[in-house]
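Peer 1: Given next are the chains, with one letter for each unit.
There are 2 protein chains.
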Amino acid sequence: MNGYVGKILKIDLTKNTIKDEVLKEADLKKYIGGCGLGAKYLIESTDGDTDPMGEENILIFMTGPLTNTKSFSSDRFEVVTKSPLGGYSEANCGGKWGSMLKRSGYDGIIISGKSNNPVYIWIDDGEVKILDAGKIWGLDTFGSEKILKAETTDKAEVTCIGPGGENMVKYAVIATGGVHARVAARSGAGAVMGSKKLKAIVVYGTKEVVINDPDGFDKFIKNNSKKVATSDVAKFLRDLGTPGCVEGSESCGDLPIKNWTQLRMKNIRDLYGETMRDKYLSRRYYCGGCLVGCGRVVNIIDGKYKTDSEIGGPEYETLGMLGSNLMINNMEAVCKFNEMCNRYGIDTISTGSVIGMIMECYDRGLIDREYLDGIDMTWGNEDAVLQIINKIGKAEGIGKLLGKGTRDVAKEIGSHSVEFAVQVKGLEAPAHDPRAKSSLALAYATSNRGACHLQHYGYDMEGEGGPTVPDMGVTENLDRFTTEGKAEFVIKFQNLMSMYDSLTCCKFMMLCTISLKPLLEEFNLITGFNFDEDTFLETGERIFNLKRLYNTKCGISRKDDTLPLRILNQKRSFEEEEDVLPCLGKMLDEYYRLRDWDEIGIPMTKKLKELGIDEYL
Amino acid sequence: MNGYVGKILKIDLTKNTIKDEVLKEADLKKYIGGCGLGAKYLIESTDGDTDPMGEENILIFMTGPLTNTKSFSSDRFEVVTKSPLGGYSEANCGGKWGSMLKRSGYDGIIISGKSNNPVYIWIDDGEVKILDAGKIWGLDTFGSEKILKAETTDKAEVTCIGPGGENMVKYAVIATGGVHARVAARSGAGAVMGSKKLKAIVVYGTKEVVINDPDGFDKFIKNNSKKVATSDVAKFLRDLGTPGCVEGSESCGDLPIKNWTQLRMKNIRDLYGETMRDKYLSRRYYCGGCLVGCGRVVNIIDGKYKTDSEIGGPEYETLGMLGSNLMINNMEAVCKFNEMCNRYGIDTISTGSVIGMIMECYDRGLIDREYLDGIDMTWGNEDAVLQIINKIGKAEGIGKLLGKGTRDVAKEIGSHSVEFAVQVKGLEAPAHDPRAKSSLALAYATSNRGACHLQHYGYDMEGEGGPTVPDMGVTENLDRFTTEGKAEFVIKFQNLMSMYDSLTCCKFMMLCTISLKPLLEEFNLITGFNFDEDTFLETGERIFNLKRLYNTKCGISRKDDTLPLRILNQKRSFEEEEDVLPCLGKMLDEYYRLRDWDEIGIPMTKKLKELGIDEYL
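So the sequences go chain by chain: F and G.
Just so we're aligned: the first sequence equals residues 1 to 617 in the working numbering.
Just so we're aligned: the second sequence equals residues 1001 to 1617 in the working numbering.
Because the hints were derived from the structure by calculation, they are not lab data.
One thing to keep in mind: the hints can contain errors.
Said to hold, decoys possible - Over the 10 Å line for every Cβ pair with chain F, so calculated as not near, a few chain G residues: (1) 1010; (2) 1050; (3) 1513; (4) 1558.
Said to hold, decoys possible - Straight-line Cα separation of at most 30 Å, DSSO-like style, residue types lysine-lysine; simulated pairs: (5) 129(F) with 19(F); (6) 258(F) with 1607(G); (7) 607(F) with 1258(G); (8) 1010(G) with 1029(G); (9) 258(F) with 1553(G); (10) 1400(G) with 411(F); (11) 559(F) with 571(F); (12) 394(F) with 304(F); (13) 1010(G) with 1129(G); (14) 1411(G) with 1394(G); (15) 1394(G) with 553(F); (16) 411(F) with 1553(G); (17) 1559(G) with 391(F).
Unchecked claim - Far from chain F by the CB rule (all over 12 Å, computed), these chain G residues: (18) 1056; (19) 1231; (20) 1280; (21) 1531; (22) 1588.
Built from N, CA and C at the ideal position, the CB exists for glycine as well.
Let's have the full structure, built from the sequences with the hints guiding it.
Peer 2: Okay, here's the thing in structure tokens:
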């Protein structure tokens, strides 16, 4: 099985057992790796009744056939589990841990059960140990990584949770890369890891992947390296990182401001990518196999938010959710918030969203200062944000409630606070507004993990001046407000994105020349599976449907495929006609029809049979 | 106090006490009568904690200064109570009972407490008795009225509940007029009456109202009678009744079809007003003081739905909700449904809405035939509808659940059934679609009793060819899709409608020449209060705000000022651009601003002070 190690590691933390399972080629052809294989294992082991925090839930770490090859930006890994939010959870993570897992001798790991005491797993080139993590339990992610490397080897790669995961914050992440903080975020995999008392997985190894056509593959890499590295998007990201998107996003109404109620923000320039580059950037961070280097490393040399050393800088999403969304335009403050969230191991998007919601509740008098443990949560109050992040990470006082996410917070505070919770299926929306780009409406509503921009990742092609993906039929930018054709557009790219996540290839690659055809070429050169385009995209369709089928088993249907009232119904300006309320209902009808799902969003048996996954019905 | 009797009757059914309370002129000037006085008494006696079905709730019957004068179409009465749905409830009712109550010596009645055994109240020209209703408890409204007249006098007027009210169906009505069935419907006053074990109130009397300027008033009536009777709207209503609206409503997308999912219906012509007139109409029914005669009296001479005798015919709302909404276009069947709902004393709008919802749940497989006591609830199945109406009226089997209304049914059935419940604040929407006329969106969202077309009653002025109301500044028809100016429009007419409901004047009068100026003239001639237009409209504003303040005490705010997801978000056609999703959020922001309510819809203290109702804060 070229491209694969051919086995996965199964660890039961209740029984303290370790065993290997050999992968079958038929499964690999059907589910590839990453989220595809992950979804298959998840649906085979858990269902609607499974308690996400119970020992019956499983936590899956998975790589794909491209991982640990020279493929562009594919040294990533995918985490799949049943989400603390109640449905399917997946998270893709950069850094170098994914390739090192494969070097250590495994394509993936499935953790079941629960340990009584904190433990970590150490895989040393094929040898697996479950070790005590008592000493590091309670430490932040940066500190944990340092100690674990010291305990094992400096050459090892570590993925771990911080206090956020330990305290089962519903949006806790699994982190890797130390201060550079690449994280498997969104939908709470860190909380599941915490519930299992698993602090970290440390991997080291020397094994290489066998390539089916090594010469052809080398030639492919050689031919494409320059194209990737010098593509417009690569140059943009290398120069400004994702913070470079703040400017365009604000100007078209895509950026959340004041908990999604405002269209413009004063002095937004202070949060621009250029500001970060010119004032704080010390260097770039590259994930394994990356030629782009979008990761920011910053250094704040003095003032209140002085950094002790170089530190990973905030992404666009963080600048949006913990910056403009809270009426904060101080780049240094957002760098600090980002660092603290990374240390605690909590998702910056959800953290920003829950804080925005609380600021609005406070502003409108639904809760008072006493309710907030004395913290004055006025818009733009940086000190208050920092205090709240600490409380969430430590699950202290009001932080305990806030760590449950906006959906639960709305239930607790009640009344109209439900309008301030900007989430879908319990997952807080990232910093892109469907009122600016209509595909986001449908993508948020139908993403399997909740409000997510990455399960579709098509919004960049909407509006003038964006990139195109000709080999997927997008030869010019789409009108960003129309709903016409968007259902088909969303479906096509959701299927493709399921392949990127199964191959653990960075999605930026799609815009840096490695779109459908080159990706397929890489895949065939490595595996020898010789898929054609149709088979490749149908595989993505199969995987997407499998995830939906899992959600169906968890009670999810059309009633959940919706948007926060604020996005569906609220214009941000009386004067301007820049934001258009997306007609989700109409797009959803078309979407279901094209997907062969019934009118309430349940995949039809005929379709599941066609995709060969009716056995999971 | 010209125009008024000057006293109200207070009956405590727990203590079995009867007493008179003298009205104060200051209160009459401030709250007029009808819903105005009703709201004042309600907010003084009950609040958010009051159990609507408990003995602490009060049930108010109220007339106004125009009632039992020669004023046009004002012999009506208003019922105000705390709704079984949790907030403010009001219902206006035609017939002749209102004027007879005043002739019996009272402007209104307030019932408190609860009787142990069924009783009725008999007011015989000032003499009040609480009598046993054991023999008629369980009888339908038609039969009850007959017996009660026999027990008292044929000249008496009866208002009573049927089995629906006795069984506390949440949308039970209080009826009068026997087979002609004029009803105080919407928001469940009949259920409150049933909870008090009060079957009926029978009134008879000979007292007349003192008019402040009798000559001037006579002259006014003489001058205006012909204008009213020959106005376009009067002629239309006399000819076709409200069923005459089916044609125009269907053609512009205003008519609910298949539980609000379709834009057109085959053979809709069979439900037209012309069809009723040409095939079934035997004569017209006139409420007290009416020159129009919009009430239909029909006779079906043979076939399955043969009537025993002449019977009140269905209104437009009933043809919509129990006809097209259920995919039924058989006029005879709808006449039968209407008769049965009237006999049971249940609201035809809510009944039709809950049946439409259940048909959709059944069609989509959320519930099966067994769940429905073996009834095959397929779209258009007339027999099934009749069976279900019987079950609701009798609170038998599945009818018990359905009698709680769509909001509760959705909670019980769960899952996506919530999307099929077309209600606001628990009250089912009437047969007018906000996707056809944008003011309806705002009117439904902000009406104090839930989704109601009559608390604003402006939609007729939207779209070409409709009536205008020049003395309210509407000199030409409004664009039916725009949101521009609609907040101001809704507010203006909500305030005016609060006056019609306080004066107990039929709202059709507004379109039959008795709009603002003539209404005000009548009012001044009768009372001698000499209000100017500003004072008159400010009084309406005061009353509307008082109702909202009551709802605020019941926990109602912006979160409740919304629309069913289906209306907010769902287009009914891929091809046609005839329905436009109303941007409620934008209109709501403007509405709150213009009303001087805060951003979440709470009336600001400043405004309440200005209106002189801050004492109720």
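Peer 1: A separate judgement is required for each hint: does it hold in the structure or not?
Peer 2: To see whether the hints hold, each was checked on the structure:
For residue 1010(G), the requirement that its beta carbon stay farther than 10 Å from each beta carbon of chain F is met, with the minimum near 35 Å. With a least beta-carbon separation of about 19 Å from chain F, residue 1050(G) lies farther than 10 Å from that chain, consistent with its non-interface assignment. Interface exclusion of residue 1513(G) from chain F stands, the closest Cβ pair being 36 Å apart, more than 10 Å. Residue 1558(G), annotated as away from the interface, has a beta carbon of chain F within 10 Å; the closest lies near 5 Å.
About 11 Å separates the Cα atoms of residue 129(F) and residue 19(F), which keeps this hinted pair within 30 Å; it holds. In summary, the hint linking residue 258(F) to residue 1607(G) is supported, as the alpha carbons are separated by about 27 Å, within the 30 Å threshold. Proposed proximity of residue 607(F) and residue 1258(G) is supported: the alpha carbons are some 28 Å apart, at most 30 Å. Proposed proximity of residue 1010(G) and residue 1029(G) is supported: the alpha carbons are some 21 Å apart, at most 30 Å.
A threshold of 30 Å between alpha carbons decides the hint, and for residue 258(F) with residue 1553(G) the separation of about 29 Å falls inside it, so the pair holds. Pair hint residue 1400(G) plus residue 411(F) holds up; C-alpha atoms about 29 Å apart against a cutoff of 30 Å. The straight-line distance between the Cα atoms of residue 559(F) and residue 571(F) is roughly 23 Å, inside the 30 Å bound, and the hint therefore holds. A threshold of 30 Å between alpha carbons decides the hint, and for residue 394(F) with residue 304(F) the separation of about 22 Å falls inside it, so the pair holds.
With a C-alpha separation of about 12 Å, the suggested pairing of residue 1010(G) with residue 1129(G) holds against the 30 Å cut-off. Only pairs whose Cα atoms come within 30 Å are accepted, and residue 1411(G) paired with residue 1394(G) is accepted, the gap being roughly 22 Å. For the proposed pair residue 1394(G) and residue 553(F), the alpha carbon gap of about 38 Å is over 30 Å, so the pair is violated. For a cut-off of 30 Å, the pair hint linking residue 411(F) to residue 1553(G) stands: about 20 Å separates their Cα positions.
Straight-line distance between C-alpha atoms of residue 1559(G) and residue 391(F) comes to about 29 Å, which keeps the hinted pair within the 30 Å bound. Listed as a non-interface residue, residue 1056(G) keeps its Cβ farther than 12 Å from every Cβ of chain F; the least gap is roughly 24 Å. With a least CB separation of 38 Å from chain F, residue 1231(G) remains clear of the 12 Å interface cut-off, as annotated. No beta-carbon of chain F is positioned within 12 Å of the beta-carbon of residue 1280(G); the least distance is around 37 Å.
Distance check on residue 1531(G): its Cβ is at least 34 Å (rounded) from any Cβ of chain F, clearing the 12 Å threshold; non-interface status holds. Listed as a non-interface residue, residue 1588(G) fails to keep its Cβ farther than 12 Å from every Cβ of chain F; the least gap is roughly 8 Å.
Checked against the numbered hints listed earlier, the structure breaks hints 4, 15 and 22; every other hint is satisfied.
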